[in-house]
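Trainee: Work out the full structure: start from the sequences and follow the hints.
This is what each chain is made of:
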Amino acid sequence: MIDGVRRDHARFREIVRGKVKQDLKKYIQHSEMFGRKGKDVVTIPMPQIDIPRFRFGSNQGGTGQGDGNPGDPVPGQGDPNQPGQGDQKAGSDPGEHGLEVEFTLEELAEILGEELALPKIEPRGQKTLKSKVDRYTAIASQGPNSLRHFKRTFKEALKRQIASGTYDPENPIIIPIKKDLRYRSWKSDVKHENSAVIIYMMDVSGSMGDEQKDIVRTETFWINTWLKSQYKGVEARYIIHDATAKEVDEDTFFRTRESGGTLISSAYKLCEQIINQDYPPSDWNIYPFHFSDGDNWSTEDTKLCIDLMKNSLLKKVNVFCYGQVDSRYGSGQFYKDLQESFGSDNEEVITSRIENKDGILQSIKEFLGKGK
Amino acid sequence: MGIRSTQLSPELAKLQEAIKGYAEGFGLDFFETIFEMVPSDAINGLAAQEGFPVRYPHWRFGMNYDQYSKGYEWGLQKIYEMVINTSPAYAYLMSSNSYVDQKTVMAHVYGHVDFFKNNYWFSKTNRKMLDTMANHAVRIRRYMDEFGQDEVENFIDLCLSLDNLIDPHLPFNEVKRSPAEPEAPRATEGGRLKVDRGYMEKFINPPEFVEEQRKRAEKQTKQEARFPSHPERDVMLFLLENSPISEWKQDVLRMIRDESYYFLPQMQTKIMNEGWASYWHSEIMTKKALRDSEIIDFADHHAGVLAMQPGKVNPYKVGVELYRDIEDRWNRGQFGKEYEDCSDIREKHKWDKKLGLGRKKIFEVRKVCNDVTFIDEYLTPEFVDRFKLYTYEFNKRTGQHEIVDRDFKSVKNKLLAGLTNQGQPNIAVVDGNFENRGEILLSHKHLGVDLDMKYARETMRSIFMIWTRPVHIETLVEGRKRFFTYTANHEFIAKD
Chain V
1 MIDGVRRDHA RFREIVRGKV KQDLKKYIQH SEMFGRKGKD VVTIPMPQID IPRFRFGSNQ
61 GGTGQGDGNP GDPVPGQGDP NQPGQGDQKA GSDPGEHGLE VEFTLEELAE ILGEELALPK
121 IEPRGQKTLK SKVDRYTAIA SQGPNSLRHF KRTFKEALKR QIASGTYDPE NPIIIPIKKD
181 LRYRSWKSDV KHENSAVIIY MMDVSGSMGD EQKDIVRTET FWINTWLKSQ YKGVEARYII
241 HDATAKEVDE DTFFRTRESG GTLISSAYKL CEQIINQDYP PSDWNIYPFH FSDGDNWSTE
301 DTKLCIDLMK NSLLKKVNVF CYGQVDSRYG SGQFYKDLQE SFGSDNEEVI TSRIENKDGI
361 LQSIKEFLGK GK
Chain R
1001 MGIRSTQLSP ELAKLQEAIK GYAEGFGLDF FETIFEMVPS DAINGLAAQE GFPVRYPHWR
1061 FGMNYDQYSK GYEWGLQKIY EMVINTSPAY AYLMSSNSYV DQKTVMAHVY GHVDFFKNNY
1121 WFSKTNRKML DTMANHAVRI RRYMDEFGQD EVENFIDLCL SLDNLIDPHL PFNEVKRSPA
1181 EPEAPRATEG GRLKVDRGYM EKFINPPEFV EEQRKRAEKQ TKQEARFPSH PERDVMLFLL
1241 ENSPISEWKQ DVLRMIRDES YYFLPQMQTK IMNEGWASYW HSEIMTKKAL RDSEIIDFAD
1301 HHAGVLAMQP GKVNPYKVGV ELYRDIEDRW NRGQFGKEYE DCSDIREKHK WDKKLGLGRK
1361 KIFEVRKVCN DVTFIDEYLT PEFVDRFKLY TYEFNKRTGQ HEIVDRDFKS VKNKLLAGLT
1421 NQGQPNIAVV DGNFENRGEI LLSHKHLGVD LDMKYARETM RSIFMIWTRP VHIETLVEGR
1481 KRFFTYTANH EFIAKD
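Protein chains in written order, with my numbering: chain V, 1 to 372; chain R, 1001 to 1496.
No lab work stands behind these hints, which were simulated from the structure alone. Treat the numbers as computed from the prediction; the structure is a model and nothing was measured. Any given hint could turn out to be false.
[Unchecked claim] A partial selection of chain V residues facing chain R, derived with a Cβ cut-off under 8 angstroms:
hint: 1; residue: F54
hint: 2; residue: G61
hint: 3; residue: D72
hint: 4; residue: V74
[What the hints assert, rightly or not] Each computed DSS-like pair below joins lysine-lysine, with the alpha-carbon atoms no more than 27 angstroms apart:
hint: 5; chain 1: R; residue 1: K1070; chain 2: R; residue 2: K1270
hint: 6; chain 1: V; residue 1: K370; chain 2: V; residue 2: K357
hint: 7; chain 1: R; residue 1: K1412; chain 2: R; residue 2: K1361
hint: 8; chain 1: V; residue 1: K39; chain 2: V; residue 2: K232
hint: 9; chain 1: R; residue 1: K1070; chain 2: V; residue 2: K39
hint: 10; chain 1: V; residue 1: K120; chain 2: V; residue 2: K232
hint: 11; chain 1: V; residue 1: K25; chain 2: V; residue 2: K365
hint: 12; chain 1: V; residue 1: K21; chain 2: R; residue 2: K1070
hint: 13; chain 1: R; residue 1: K1388; chain 2: R; residue 2: K1350
hint: 14; chain 1: V; residue 1: K37; chain 2: R; residue 2: K1078
hint: 15; chain 1: R; residue 1: K1020; chain 2: R; residue 2: K1270
hint: 16; chain 1: R; residue 1: K1070; chain 2: V; residue 2: K37
hint: 17; chain 1: V; residue 1: K179; chain 2: V; residue 2: K155
hint: 18; chain 1: R; residue 1: K1454; chain 2: V; residue 2: K26
hint: 19; chain 1: V; residue 1: K365; chain 2: V; residue 2: K213
hint: 20; chain 1: V; residue 1: K357; chain 2: V; residue 2: K228
hint: 21; chain 1: R; residue 1: K1350; chain 2: R; residue 2: K1360
hint: 22; chain 1: R; residue 1: K1454; chain 2: V; residue 2: K25
hint: 23; chain 1: R; residue 1: K1288; chain 2: R; residue 2: K1360
hint: 24; chain 1: R; residue 1: K1312; chain 2: R; residue 2: K1409
hint: 25; chain 1: V; residue 1: K21; chain 2: R; residue 2: K1454
hint: 26; chain 1: R; residue 1: K1070; chain 2: V; residue 2: K19
hint: 27; chain 1: R; residue 1: K1454; chain 2: V; residue 2: K19
hint: 28; chain 1: V; residue 1: K25; chain 2: V; residue 2: K120
hint: 29; chain 1: R; residue 1: K1270; chain 2: R; residue 2: K1361
hint: 30; chain 1: V; residue 1: K120; chain 2: V; residue 2: K39
hint: 31; chain 1: V; residue 1: K370; chain 2: V; residue 2: K26
Positions of the beta carbon are idealized from the N, C-alpha and C atoms, including for glycine.
Mentor: Here it is, written out as C-alpha cells:
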C-alpha cells in the first residue's frame, strides 16, 4: 500500500475512535445499533463523519431504468411493510451514505476504560485457567494428505533407503512408501491464566418491563466487554428469578417474563450453589451481578438475603454488584435495605440505581470503577 | 512514483503496443500513456487518493481506503481500471487481473485519454497535475510541521466542505474577470454630452437621453457600492480574496480550490467519458484484439460493466448506447428538417440515406459536448422508449420511491436536472457586506429541489469559521421563501 494512505488510514481510525469516545454515552445507550461481525468484532454506524457540503435533500426523485408502471415502487429499496425494517430508511435513497466502522471488542473496552477512567482489575487467585492453543508445529506419521510434509517424508524415505542399501548415489531416485509419510500435526500449548465468571441474576417478575430489560441488556454488554478485556477467559452464567430461581441461557435470560412474586433470596441461593459446584473461589474471580426493580416480597426475605451475603456469599466473590433499574411499579426498597446494611461506600457490595437510559454510563462507572 | 509498481512484462508491453496501434487506427488521438502494474492493495490506495500516488495527509483518504479495501475483501467491488488526466497519462493495471482483462482495460484507457485530450471541457485542466499534487502535499506537510497536524487538518476540512462552491464557467471566462473598461460615451456632468452651440442642446441631449444617462449612472454607482459587484459563484475565491485569514490558510484554501477545478470536468462529463471509453474498448476488442478463446470472459466482464441495476441508470451504459444511437442516426441520415418533419413512423423507422456520417459525428460530439449538452441535444424519445427509462419521485405516504412516468420530456428534464451544475446546488455570494455589517449573504438558485438544511447548517458553519462573521442564505423550502442565518454564537436561525 502507499505509505501515505496507511498513515491516513491510521488517522481516520483515530478520528473515528475519538468520535465514539466523545459520544460514548450515546453509543452506550444505543448499543442495539451495533452490528455483530463474528465473535469479537462489532460494526458501529457512524453518521456525519463525512465532510458537510451544500447538497440537495434526499427526496429529490430521479431517473431509473427497467419495467414497471407508474405508481410501482422503484426496485432495490426494500419493503417498508416488512417487519423489522419499518423505521429504516430506504436503502437506495440517492446520496444516502452512512459509514460503518469496525471495532474489536477489545478496542471498545479500551475506549470505555479511557473515557470512564476505569482502573485495571487486580486479579486474585492463582492462574489456574488452562488456556490451550493448538499450534501446527509437530510431525505425525498419520494425517490427511493435504498436510503431508514433503521434506520430512523425503528424508524418511532417504534414511530408509540408505539403511536398507537400496540407495544408489548414481541414480538418486527416492521412492517413499507408506511408512515414510510424515504429516504436519498440532501440539497444544497450555498457558495459565486468571479466570473469571460473571453470574448475572435478574428479576423477571411482572414489574420489570421492556425498558428495564433493555437497560440490563445494555449494561451486561458493556460489563462483558470490559471484563473480557481484563481476563483471558470469562464465563457468564444467567439466573432468572421471580419467587423461584432457575439457571437459563443468555437468550432466555432476556426474553423471559413471569408474573409471579419476587423472592430475591432464591436467586442468591442458586448463585451460591453454582459457585460451590463449579467455581472454587481460590481459582476464580467471581462477579455476581443482580438486576431488579427493588421490590422484594417480604422484609424477611430481604433479611435472609443480607444474611446470606454477609455470612457466605461475600467471602467467595470479588465484589457483589446490585443494579436497581427504576420502574413505575417497583418500590425500590431493596436498594435502601442494602445501603442500610452495607453502607454506600462498601468495598464488597456495590449498589447502583439506574433511573433510565441516561443513567447507564454512570452505573457502569460505579460498578467497574473500583477496580475489583 | 512512491508505490510498489512494476513495469509491464514483455508480454503486456507488446500487448500495449498492439492496442495502441488499433486505437490509432480508429483515429483516436491521445497523450502518451504509461501503464503501471500494481497489486490490488495498492490500487485501492491509489483509488482512495483519487488516482494520485502523492497527496497531502488527510483522514478522508484513509476513509476511502477503508471502504475500497473492504469492498474488495468482501468481493463487492473491484477496481478494474484507473487513469489520470495528465500528460503523459498514467493508468494502472491490477496485477491480479487476467490477460483478457488487461487487454480490455488498455483499450478502455486509450478511450479515456483520447477524451481527456480532445474534449473541450478538459482543455483548461492542468496536465502536470501529478507534480502539482505532489507540491501541494509538500506544502501542506510543511504547514503541519509548523502549525500542527490537527490545526491544518481542521482547516482543510473547512475548505473541503466548500469545494463544490466553484464557478463551472470560470475556466472559460478569464477575460470577463478583468476590470470592465469604462463605458463610452462617458457622460459628463448630469449625464449630458458637451454641447458647443446652445440651440443643439435639445437634439444632442434630449430629455429621454438625459434621464437614461442619469439612471445608468445611478445603477453603476449602486453596482460599485455592491460587493461583490455581481453574484459570485466561486465562493472559495470570494473567501480567498476577502477573508481575514493568515497566509498559510490562504495557501491551503487556494490549493484545495485548484484541485477542485482540476476535477471539475470529470464531474461534468461522467456519462460521456465513460461511454466513450466503453464504446472504444468494445470496438477495439470485438473488431481487433480479441482472441476466440477470450470471448466468453470478455463478454462476461463487459456485461458486468454495462449492467443496469434495477432502478438505477448506469452512466457507462447510457453513454455508450447514446454514442451508438448517434452513430446510427448519422449513418442513416436520421436528422435534420426533412427527417423531423416526416410524420410517418414506419417511414422514419426505415429511414436510411446511407450518409455514413456516424463516426465523424461522434468524434465531433466527444469534442464539444458535456453531459448536459450531450443529453439535451441527443436524447431521443425512441431512445427513452428502447431503454425503458422512467422518472421516479418519493412518495411520502408510502415512504418509497415510486415510478412517475415514462414521458420523454420529463425523463429528459429529470436527467438534466441531475446533471446541471454537476448535480450540486447552485449557490452564490450575493452580498459580502450584508446590511453593512460585514456579513455574507448567500443565495440559492432554487431549481426545483430543496437543500438539505442539516448539511447546509454545517456548511455555513465552515464559511463562518473562515469568514468569522455571520452567514445568511436565501432559499426556498417546500415552495416558501426562507431565510437562514448562522450566527456568531453558532446558532442556526430560520426566518420567513
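Trainee: For which of the previously enumerated hints does the structure constitute a violation, in increasing order of number?
Mentor: Per hint list: zero violations.
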